[in-house]
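Engineer: Chains A and B are the protein sequences, given in the same order.
Counting from 1, position 180 in the first sequence corresponds to residue 180 in the working numbering; the numbering is continuous, with no gaps.
Heads up, the working numbering is the position in the second sequence plus 289, with the first residue counted as 1.
It is worth saying that the hints were derived from the structure and are not from the lab.
Bear in mind the structure is a predicted one, so any value in this text is a computation, not a measurement.
All C-beta atoms in this analysis are idealised placements derived from N, C-alpha and C, irrespective of residue type, glycine included.
Careful: at least some of the hints might be erroneous.
Non-contacting residues of chain B with respect to chain A, defined by C-beta distances greater than 10 angstroms in every case (computed) [what the hints assert, rightly or not]:
1) D441
2) Q483
3) S669
Which residues of chain B face chain A? A partial, calculated answer using Cβ under 10 angstroms [unchecked claim]:
4) N410
5) S497
6) Q506
7) K575
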Amino acid sequence: MKYYSFLSVLIAGGILMAGCGNAEKVNKDSAPVTEQAKLEEVDLTAELTAYKDFALDQMDQFLIETENFVKLFKAGDIEGAKAAYAPARMYFERSEPIAESFGDLDPRIDGRLADIQEEGKGKGEEEWTGYHKLEYALWEENTTAGYEAIADQLLADAKELHALVQTVEVTPDLMITGAVDLLNEVSTSKITGEEEIYSHTDLYDFKANIEGAEKIFEILRSKLDAKDKELVTTLDEKFKAVDDLLALHETANGGYISYEELTGENTKALSAAVNQLGEPLSQMGIILE
Amino acid sequence: MTTSNDEKWINKKISRRDMLKFTGIGAVGVAIGASGFGGVIKAMGYDVFESVADSKTAFNKVDFYGRHQSGIITPVQTHIYFASLNVLVSSKKDLQEVFKKWTPLIVRLMNGELMVDLTPNTRVPTGDTGEAEGLNASNLSITVGVGPSLFDKLGITNLKPAELADLPHFPKDQLQEEFTGGDICIQACADDPQVAFHAVRNLVRAASGKVEIKWSQAGFNSFPAAGGTPRNLFAFKDGTVNPAITDEKDLKEVVWVDKGWLKGGSYLVARKIQMHLETWDRTSLKDQEATFGRYRDSGAAFGKTKEFDDFDVDAKDEKGAYIMPDTSHVHLARKSNARMLRRSYSYASGVMTNTGAHDAGLLFVSFQKNPDQFTTVQNSLGRMDKMNEYITHRGSAVFACFPGVQKGSYLGEALFNAL
């Protein structure tokens, strides 16, 4: 479908060009078609399989860690659940391009209060479910009581997601736009502390999103290398710059400090590094040329 | 399907002249599918295979090439987007590459063309962000300069002209770091605000990872239909005593640097001046006029009837009092005997969060042969200027704007040749 609409634009372009007095009598439509056909030819089978394997592995771990989190939560172990919360979510955040391809499962698992349509609704309402509602219970209410059903629902949703991702078809677009989307997630909500407004564990999500994008880059590396070595060098540098900055905020146990401990200067530096990574990362689509 | 003629078209390196046929007026977003060309434009690489010429046919077009950069003696446009950038590179070569890359892109922007022609690969973002599509060149001018901090960062202080230094502190300055200084400036002026913004946005993007925006300010200027000097937000005419942009002798004296790598360039002083509109608006017209030393309606100096009537600041009335009050802005400015070419724009950027007052004022921009010209005027205004009651200087920066570029050269070449 997309292919044909693209083609018709080109034909329209050809008509316009004809009015520009091109001296050479050529069929202007056929050149872009040739180029477009080339786009479809690039063989990424191995890369797509590698990415699917990665995503499935992440989803396995996500289910295991979510089971563990829900178990602690339902046992009323507030401190245990708090400790398990952010690390469990990282598996989801790493593979978000896949996880979010299933309609309402993503909001059911990962929806924030701010994502709920009606302002003020959500805290006590059924329509807000998932990790962030339990985050609210743990950090804001300091309780697990009354939230057991939400915990059960989270586990059920995680299982459903796990089952669905087995069937997912990974496309080149999913990988390429997925990598940039992961960075955009960081730029719009993690860097502002708007993802984890109660636990302030935003840096865990931040790190996981970056790792998810880096994985896609690693899988596509050899293909990119063949097209544009300089781009690969740039991406290596820019990923390192972000990772180095994040490392400054690691804690002794391998976790991350609270978002609230970051200064304006810290967040600005992180944000700039992500943006500088995002620009070249958005060029990975050249492998499809 | 493909005929030999097609092959020829596909594989041929498209000349600039041919390109103009595709990208000139009237052709909207033509996708060029020729592989020969597609290979040259490396996605975001913006590789330009030859220098780009000023278009002869574009509407509302300001020329890029010439003895001086555009945006200095170019007739003032209605909008500005001024950006002060920090460099992230530390080598001279990397910086040189930024200016080399920008040069043909600026010509394209000033021609009203896309930064990069569209490629058939829709899986990558477009090289041009696209919001100026369908808009003409809108008299876009781009003026690029370098600040004193750049020379320190790159370890080339030996090439920093003595004149290029941060301005001294002036009485009542309340400078905020977030509106002050910068390594590079891009002054984009156009008769369309989106064209001006698009230019800065795309130049910064093209140099992603090499520069970052430190601060920026949008501004506007409105010209009466009948012509004449525009009014600032205090409703007074601003820029009356500017040198005429056609008076080459005057400009040589006031604006153009005549030595070193900056020969043919000029110093740009930018000041972000908040104007306290609420207090101004509750000031009687008589006091407002005494603050300027001019009549609001005509713009004439006190004791005169027309805007451009010459006046004697020392003239006194029969009681021995100055006709133009000696605390008035114009009196003090004239007293300094220093001149500059002002190119200021008003701004209105929302509300001051701490006071709820309008965040509005003047993005003062002036060009001069030596920043001392500005300093002299500002020192003369000093604590005396009655205007101080109504304004606060919030930001300040000084940049050495490169001389003009000749075809085949690039912005700042004289500086890099001097290295």
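Engineer: Would you mind marking each hint as holding or not holding in the structure?
Structural biologist: How the hints compare with the structure:
{"no.": "1", "hint": "D441", "result": "20 angstroms, holds"}
{"no.": "2", "hint": "Q483", "result": "22 angstroms, holds"}
{"no.": "3", "hint": "S669", "result": "38 angstroms, holds"}
{"no.": "4", "hint": "N410", "result": "5 angstroms, holds"}
{"no.": "5", "hint": "S497", "result": "4 angstroms, holds"}
{"no.": "6", "hint": "Q506", "result": "19 angstroms, violated"}
{"no.": "7", "hint": "K575", "result": "46 angstroms, violated"}
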